[in-house]
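Please build the complete structure, drawing on both the sequences and the hints.
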Amino acid sequence: MLAITLRGLWSHKRRLAGTFLAVLLGVAFLAGTLVLGDTLRANFDTLFTSVTGDTGAVVRSATKVDSSPASPRGPIDASLAGRLRSAPGAAEVQPVADGIGQIVVSDGKVLRTLGPPRASNWIADPSLTPYRIVEGHAPQGLDEVVINRGAAKDGGLRVGDRTTIDTPRPVPVTVVGIVTFQGADGFGGSSYTGFSAAGADRYLAGRPGQVSSILVKPAPGVSQRELVGKVRPLLPAGVEAITGQQLSDESISAINQGFLGLFRTFLTVFAGIALFVAMFTIANTFSIIVAQRTRESALLRAIGASRRQVLWSVVVEALAVGVVASLAGLGGGIGIAVGLKALFKGFGFPLPTSGLVLQGGSAVSSVGVGVAVTVVAGVLPALRASRVAPLAALRDVAAEPPAAPRTRVTAGAVLAVAGVATTLVGVLAGGDATTLLTGVGAVLLIVGAVVLGPAVARPASRLIGAPLRRLRGITGALASQNAMRNPRRTSGAAMALMIGVAVVTLFTVFTASIQASIRQTVSQSFGGDLAVVSSGFGGANTARLDPRLAGEIGRLPEVRQAVGIGAGRALVGGSSQEITFADLARLNGVVGLRVDAGSLGQLSGPRFAVASSVADDRGWRLGQSVPIRFADGATQRLTLAAIYQGEEGSIVGNYLLPRDQWTPHAPGAADRTVLIALRPGTGLETGRAAVERVAAGYGRPDVQDRAQYTDSLASVLGPGVSVVYVLLVLAIVIALIGIANTLSLSIHERTRELGLLRAVGETRGQVRAMVRWESVIVALLGTIGGLGLGVFLGWALVRASAAGGTGTFAAPPLQLAIILLVGAIAGVLAGLRPARRAAKLNLLAAIASE
Amino acid sequence: MARNVTIEPADQTTGVEPGGAVARAVRATKVYGSGPTEVRALDEVTVDLEGGRFTAIMGPSGSGKSTLMHCVAGLDSLTSGEVFLGGVELGSLSDRELTMLRREQVGFVFQSFNLIPTLSALENVTLPLALAGARPDPDWLDTIIDTVDLRERLAHRPAELSGGQQQRVAVARALVTRPRIVFADEPTGNLDSRSGAEILAFLRRAVDELHQTIVMVTHDPMAAGYADGVVFLADGRVVGHLASPTPQTVLDRIKSLGE
Chain A
1 MLAITLRGLW SHKRRLAGTF LAVLLGVAFL AGTLVLGDTL RANFDTLFTS VTGDTGAVVR
61 SATKVDSSPA SPRGPIDASL AGRLRSAPGA AEVQPVADGI GQIVVSDGKV LRTLGPPRAS
121 NWIADPSLTP YRIVEGHAPQ GLDEVVINRG AAKDGGLRVG DRTTIDTPRP VPVTVVGIVT
181 FQGADGFGGS SYTGFSAAGA DRYLAGRPGQ VSSILVKPAP GVSQRELVGK VRPLLPAGVE
241 AITGQQLSDE SISAINQGFL GLFRTFLTVF AGIALFVAMF TIANTFSIIV AQRTRESALL
301 RAIGASRRQV LWSVVVEALA VGVVASLAGL GGGIGIAVGL KALFKGFGFP LPTSGLVLQG
361 GSAVSSVGVG VAVTVVAGVL PALRASRVAP LAALRDVAAE PPAAPRTRVT AGAVLAVAGV
421 ATTLVGVLAG GDATTLLTGV GAVLLIVGAV VLGPAVARPA SRLIGAPLRR LRGITGALAS
481 QNAMRNPRRT SGAAMALMIG VAVVTLFTVF TASIQASIRQ TVSQSFGGDL AVVSSGFGGA
541 NTARLDPRLA GEIGRLPEVR QAVGIGAGRA LVGGSSQEIT FADLARLNGV VGLRVDAGSL
601 GQLSGPRFAV ASSVADDRGW RLGQSVPIRF ADGATQRLTL AAIYQGEEGS IVGNYLLPRD
661 QWTPHAPGAA DRTVLIALRP GTGLETGRAA VERVAAGYGR PDVQDRAQYT DSLASVLGPG
721 VSVVYVLLVL AIVIALIGIA NTLSLSIHER TRELGLLRAV GETRGQVRAM VRWESVIVAL
781 LGTIGGLGLG VFLGWALVRA SAAGGTGTFA APPLQLAIIL LVGAIAGVLA GLRPARRAAK
841 LNLLAAIASE
Chain E
1 MARNVTIEPA DQTTGVEPGG AVARAVRATK VYGSGPTEVR ALDEVTVDLE GGRFTAIMGP
61 SGSGKSTLMH CVAGLDSLTS GEVFLGGVEL GSLSDRELTM LRREQVGFVF QSFNLIPTLS
121 ALENVTLPLA LAGARPDPDW LDTIIDTVDL RERLAHRPAE LSGGQQQRVA VARALVTRPR
181 IVFADEPTGN LDSRSGAEIL AFLRRAVDEL HQTIVMVTHD PMAAGYADGV VFLADGRVVG
241 HLASPTPQTV LDRIKSLGE
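Protein sequence lines correspond, in order, to chains A and E. Take 1 as the starting number for the first sequence in my numbering and just add one per residue. Take 1 as the starting number for the second sequence in my numbering and just add one per residue.
Okay, derived cross-link-like pairs now, EDC-like style, lysine to aspartate or glutamate, Cα gap no bigger than 16 Å in a straight line:
#1 64(A) with 632(A)
#2 840(A) with 753(A)
#3 840(A) with 76(E)
#4 109(A) with 692(A)
#5 217(A) with 125(A)
#6 840(A) with 95(E)
It should be emphasised that the hints constitute simulated quantities derived from the structure, not laboratory data.
Here it is in structure tokens:
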């Protein structure tokens, strides 16, 4: 039996090509993401270990304002270094002052980097820093700096050049040296500026004499752990010491929990979607092949094969295809990993990947998943094959029952209605069950759509084909009837595309809704005329503006009011929160806040304000006293003095503090934006020109009008959106392979009919058009279904997560129309090969085949 | 869809062949394979198929009768020799021109009906016109529908028709374009004798009343008895002619050829 199966498999390998390709692509994508993940992980491990792993002990503030290992910490006293020098086993003690160093380049703007612009005092001891001077010398004077080679190249700076470093306070400097990061141009996309110790103390430290951390190098023969043991007793309260190894472990786990974890999940989700779509494609192919082999299966049964043997023959076939295709996919995964790397780089996320790492676990799981998906997809068709009555061998049976059985229609309709109902209840009822109900509803709806597919396919194809009939005459009529004649097959092919398109649509609707929501919030709450935001890495969402900028702009005669808004993290009532701080008295007239209770005007001294959603959640009322712990370790009780209406994404966030309550704990804290209202009668362009003149001295941050500012905040999703679309294309491609494969198999079945059409005068062109239009109908069926499903689920998702600030639902008509158009074009593409094959058909053989 | 390929009508300069032949094969040779496996399906066959007549082509299996029909109908090409249809030599035509020729000048009836299952009986009948983007002439359509007695069945799908009815649809489809010539390949092979006789009577009427030219490939002497003349083939060669055949004379001739 096995021999028969394998020989059968070989004899119609062409028919399995589509299945093979679908599995291969799905597995390749999965393997590619795993390989990329493994590679990144290995690279980060080496990177961080080499950066800090050799440092003996790291002394730093023990206060964290964030649960992540990479939490920002407050400064410590540099004078501690003197005491540490006396620690037994300490060979070298190096205080480090960290900060922002935006390098101003020739056009007066700060260098646009692909990572944070970091600055610190230059560390000479090579065992305590990954940077090496490759040109020039170490900084000595207050105004001397070294910069990394990448920044020097991009900014056109050379040793000896004068420029400015915005820390964010503009500091005029001379570049005296170029450094490399372990031989590379820099650390990822970040820039690095090294000041002299005195320079760092003056420009980077919040207050003179403060540093971020102190590195201690062990004397020969002293272990890191021993050194930490010796250092610890010397430390004051609120300061801790850890080994260099612990620090790199922390960084590694931070990146694994944060970026890398997200990154892997993100890619795995897309691999999952691709495989899910592949499953439909595979199941449909097997169904058709099994149907076309009904006679053969029946003959086997008639001459004594058991049901189980017939079942197994199909399962073994699926297994064989799954194994071979998955192994090929694993190979393809390496290529995908390289492609993904290039993709991320192309969209502005260079990944630190050297070499490619494939771990055994990843290889096994990719192949395992691929095989499992294929076999699972093959089981249903196999069961159907095993149920063939031996008598079918003698009768001339139809390849597949044309209509969907009534039970199926009922079941599908019930599921779909239940899905819609559950989703609606979840969305409309709100409360804790929202997410669960919406999720369950979505799953029910998708299952319902899949079950209902065959019943819907016929009338839907008729509908979609109707204009075709009118426009394309008999070719269109034949195409639409061919799409209708086997609804199960048509729906099987369309479903795969439907799922893919649904995900694309969902994503489109969701991102558009987030953007619409941000726009709405910003346009409601921003009452000014102009906004200044950083033009460097992170743009409008990072705090890198000199806090003096707002004051200077405010003194312009053209400006009525200017307020600087900054942000940072603190523990508010024990939980880590993003805090916005500003001169609250100046908010009036620039930021429109609807105050529910209390007054912002009275907000001076130890008081603060929160959004009403926060007050509701935490049960706070006016007059409530809340302990706030700042990064410098100090805890202060502030009184709740105002509650305003606000959604996340609004300019002032959920927790608002007066600037004078924040800055004592973070001197020189940078602003994220300066919001400006012009004096009445001042033209926008006049005002903009005046503000730009002031901003020129601060690294030329972008000066934006309302529309530009709204756009820049709404583009927070930025290039990530494009990456997602590219990743989703793969699922669509797999679905198209499914359509092409289904058509090819159908054409194989209709050989005689095609021959007859040719004999009575259908040209090759007409044959091609007929197949192509059928493909378009199937593709449109899937696309329209996917659009409907995606818009509905998108709406549900937006509503369900309304608490998260995406309350505005937007279904962008242009994008949706583009999806529909792309679906139709995809149909044409999927139909190309089958159409060509149909047109090439040998006429005589077609008629003669009895 | 371009329909600018025109095949010269038979009654113009190139005209009807001498002797009134609508189609003719001249030293038509068709060879399959080569070397030791070479098969000569047609071996220098020369035959005239006269207009307005019902001609039967007979011969045992492998005699080349189907191959001859396929070549004359523009479905297959010759290895050597020439085939003329309405004065046009088919060997010089492109695939597209051949398609146009079949569409406009040739009708087919096959043994296995070969209807399009998704189209109704009427749509199947008018299919060749639809493919050409042309509208049927209502009078002519009525005439042929009545000739094959299909009026009651026009809205049915092929699956809802009996074998005889399906073949009547096929005959109507073959006639609908007023083709220069209709080829029928064992049209009664899949039918019971009563339905078969009906079909043959319809073909006969098409010749007598509508002045259609019909060429029928068959190995059934009863069927050949409806024809005006019979051409006998054996081993790819023409081995005899018979005018005004009856089943008995055909049978006698077959016997004599077998000796």
